[in-house]
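Visitor: Same order as they appear, the protein sequences are chains A and B. Each step along the first sequence adds one to the number in the numbering used here, with nothing skipped, and position 277 is 277. In the numbering used here, each residue's number is its place in the second sequence (first place is 1) plus 1000.
If you're looking for bench data, these hints aren't it; they were derived computationally from the structure. Please note: incorrect hints may appear among the correct ones.
As the list claims (entries may be wrong) - For each label pair, taking beta carbons as the anchor points, the in silico distance ranges come out as:
{"id": "1", "chain 1": "A", "residue 1": "Pro21", "chain 2": "B", "residue 2": "Ser1187", "range": "36 to 44 Å"}
{"id": "2", "chain 1": "B", "residue 1": "Arg1176", "chain 2": "A", "residue 2": "Asn310", "range": "40 to 48 Å"}
{"id": "3", "chain 1": "B", "residue 1": "Arg1176", "chain 2": "A", "residue 2": "Leu119", "range": "53 to 61 Å"}
{"id": "4", "chain 1": "A", "residue 1": "Ser203", "chain 2": "B", "residue 2": "Asp1019", "range": "40 to 48 Å"}
{"id": "5", "chain 1": "B", "residue 1": "Leu1036", "chain 2": "A", "residue 2": "Gly268", "range": "24 to 32 Å"}
As the list claims (entries may be wrong) - EDC-like cross-link-like pairs, simulated, lysine to aspartate or glutamate; straight-line CA separation at most 16 Å:
{"id": "6", "chain 1": "A", "residue 1": "Lys291", "chain 2": "A", "residue 2": "Glu279"}
{"id": "7", "chain 1": "B", "residue 1": "Lys1129", "chain 2": "B", "residue 2": "Glu1073"}
{"id": "8", "chain 1": "A", "residue 1": "Lys302", "chain 2": "A", "residue 2": "Asp245"}
{"id": "9", "chain 1": "A", "residue 1": "Lys291", "chain 2": "B", "residue 2": "Asp1083"}
{"id": "10", "chain 1": "A", "residue 1": "Lys246", "chain 2": "A", "residue 2": "Glu169"}
{"id": "11", "chain 1": "B", "residue 1": "Lys1178", "chain 2": "B", "residue 2": "Asp1083"}
{"id": "12", "chain 1": "A", "residue 1": "Lys275", "chain 2": "B", "residue 2": "Glu1073"}
{"id": "13", "chain 1": "A", "residue 1": "Lys291", "chain 2": "B", "residue 2": "Asp1095"}
{"id": "14", "chain 1": "A", "residue 1": "Lys302", "chain 2": "A", "residue 2": "Asp377"}
{"id": "15", "chain 1": "B", "residue 1": "Lys1154", "chain 2": "A", "residue 2": "Asp377"}
{"id": "16", "chain 1": "A", "residue 1": "Lys302", "chain 2": "A", "residue 2": "Glu264"}
{"id": "17", "chain 1": "B", "residue 1": "Lys1243", "chain 2": "B", "residue 2": "Asp1226"}
Unchecked claim - Chain B is nowhere near these chain A residues, computed Cβ spacing over 10 Å in every case:
{"id": "18", "residue": "Pro110"}
{"id": "19", "residue": "Ile224"}
{"id": "20", "residue": "Gln271"}
{"id": "21", "residue": "Ala281"}
{"id": "22", "residue": "Lys302"}
{"id": "23", "residue": "Ala364"}
Because the structure is a prediction, the values reported are computed rather than measured. For each residue, glycine too, the CB sits at the ideal point set by N, CA and C.
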Amino acid sequence: MTPPSAEAATLGAAPAIDRRPPSFAVGPIAWLRANLFSSWLSTAVTLALAYVLVSWTLSFVNWAVVNAIWDVPGTGQQVDTSACRAARGEGACWALIGEKYRFILFGLYPFDEQWRPALVVVIFVGLYAISAMRRFWRKELAIIWLAALSVIGVLMWGGIFGLPFVEQERWGGLVITLILATFGIAFAFPLSILVALGRRQTSMPAVKALCVVYIELIRGVPLISLLFMASVMFPLFLPEGMNIDKLLRAQIAIILFAAAYLAEVVRGGLQAIPKGQYEAADALGLTYWQKTGLIILPQALKISIPPLVNTFIGMFKDTSLVLIIGIFDLLNTAKTSIIEPAWQGFGVEAYLFVAAIYFVFCFAMSKYSQDLERELDKGRRR
Amino acid sequence: MAEVVELGKAQVRSAVQPDAQPMIELRKVNKWFGALHVLRDVSLTVRERERVVVCGPSGSGKSTMIRCINRLETHQEGEIIVDGIELTDDLRNIDAIRREVGMVFQSFNLFPHLTILENCTLAPIWVRKMPKKEAEELAMEFLTRVRIPEQAKKYPGQLSGGQQQRVAIARALCMRPKIMLFDEPTSALDPEMIKEVLDVMVELAESGMTMVVVTHEMGFARTVADRVVFMDRGEVVEVGPPKEFFSNPRSERLRTFLSQILGH
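Could you put the whole structure together from the sequences, leaning on the hints where they help?
Guide: Right under this line is the structure:
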């Protein structure tokens, strides 16, 4: 043992102390200086953008709130929209929404029965909320879904429990959008997982080829053409007298379309899983489905969350394309609400209204996916 | 690879009974990757409770050989018989063998989305159909044996490499295998963690487990192996008890190899 040198003794005597960072490097002032006013060019850009932002916000508030017309005399055919016309360009005509919101939300559904689709919307939102919470991720959730969907069917069609029957042609508005999107995702997602797994089956070339053909064929055509085929061509192939209703045909077209896209997203996730995970699962004697369900998919789907949600959101908005084949979804009812001469020309208000509804649903999905990612990451990183 | 990790133990006594049955038999096994001939007429018999260490330069086919034993790789010619079952394309045979053969990988391959405990209980619950509580007790028993019971609730990403590899050993042991295969278990570890993994493996050897270990740790081979196998270019070049193997190599290829890895 050699005696410790003088240097080592000094080092040992004074342990390193954490100093605070200098005051000019932290706090809001420092942040502003570093990010907005770091040079004369950056200062100029900041000021110019601030001017544009402020003046635009002011004129929007003026249009949407200060000068807006909230109410007009008369209703129905006798409505007098001259006040709105006088204010055009200066103020929004929210009276349109007040007059037409029930049509936009529920379409041609009988007016006195519109509490039924309203309740259905609430049930849908409740279903989403329950399904979003991880502590409800268990077998019972499937039962809740089945029960809720049968209640929704009863409410929409009626014909029992003293509810008058409402034929499907009269359904419309937000309910149609939610039905198409919910069933679209609920069926397309599992289908896409099967297709993605099938596409990776090198030991089963026929299965693989089938999946590749399906994906490439569906991805290669626009959704609109699929919807046209579903609504116009498909009935020609059915035997005489047999008729599958238009909404169901559109729904199937949407499911098939979305599943092809989702399958590629899922496949991307599958490819990111290291080979060692498959080998470890094999070496433990797990069967193919155990390995896939317990080891591979939980990891693959987790890393696919951002692109999956991206596709879900796209799909939610793509349901609006059904207006092409005459189904009254939310966008179509908004478009129809301004057809009357009295309300012609107030498209901005109607479309802003439905845009806000679309935004709420899409933003909720996006926010939820971020939270889910963070939640699933908790405790697994060093 | 110049250093030899000192395990601080004398030779572990052989546990092989004189009349022991063969647990693994490879007979003239040949395998190709495309046109590349990676296993050439490999024949090897491992008896019950025997500990065989396989070494050789990289690309010599040693990993491929032990991966054929639980059919992570398929061989194209010859026979492989494990615990009396011949490895064929029959899926039932493969499943049956994988239940009896545990494997530890170079890169651990723990399941990152499951806790340490769940990693260990997964196969007993799903493959052996063991009740969850029993599987957890078993897992804790083996985690204690590899000396990390306190990490049971953590995720693999929160553990060091040495700890992860010990979990991987515990995970394989939870299936109560008759044979344990180790594919370069310490090659991915930082030097200071190698010993903690080797110590666990020595203990396993003392308990009488049948083991096939691919490794460069010659200290481990000396302490534990009943026989050491030297492979080069897809062939088994030399097989012998460690004493003879290290002090009196017969082939030129083994002499070159030993001088390279033992250095100086």
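Visitor: Take the hints in turn and mark each one as holding or not.
Guide: For each hint, the structure was consulted:
no.	hint	result
1	A:Pro21 - B:Ser1187: 36 to 44 Å	42 Å, holds
2	B:Arg1176 - A:Asn310: 40 to 48 Å	46 Å, holds
3	B:Arg1176 - A:Leu119: 53 to 61 Å	56 Å, holds
4	A:Ser203 - B:Asp1019: 40 to 48 Å	42 Å, holds
5	B:Leu1036 - A:Gly268: 24 to 32 Å	31 Å, holds
6	A:Lys291 - A:Glu279	10 Å, holds
7	B:Lys1129 - B:Glu1073	27 Å, violated
8	A:Lys302 - A:Asp245	37 Å, violated
9	A:Lys291 - B:Asp1083	24 Å, violated
10	A:Lys246 - A:Glu169	9 Å, holds
11	B:Lys1178 - B:Asp1083	8 Å, holds
12	A:Lys275 - B:Glu1073	13 Å, holds
13	A:Lys291 - B:Asp1095	13 Å, holds
14	A:Lys302 - A:Asp377	9 Å, holds
15	B:Lys1154 - A:Asp377	13 Å, holds
16	A:Lys302 - A:Glu264	15 Å, holds
17	B:Lys1243 - B:Asp1226	10 Å, holds
18	Pro110	50 Å, holds
19	Ile224	40 Å, holds
20	Gln271	16 Å, holds
21	Ala281	8 Å, violated
22	Lys302	7 Å, violated
23	Ala364	26 Å, holds
Violation of the numbered hints given earlier is confined to hints 7, 8, 9, 21 and 22; the remaining hints are satisfied by the structure.
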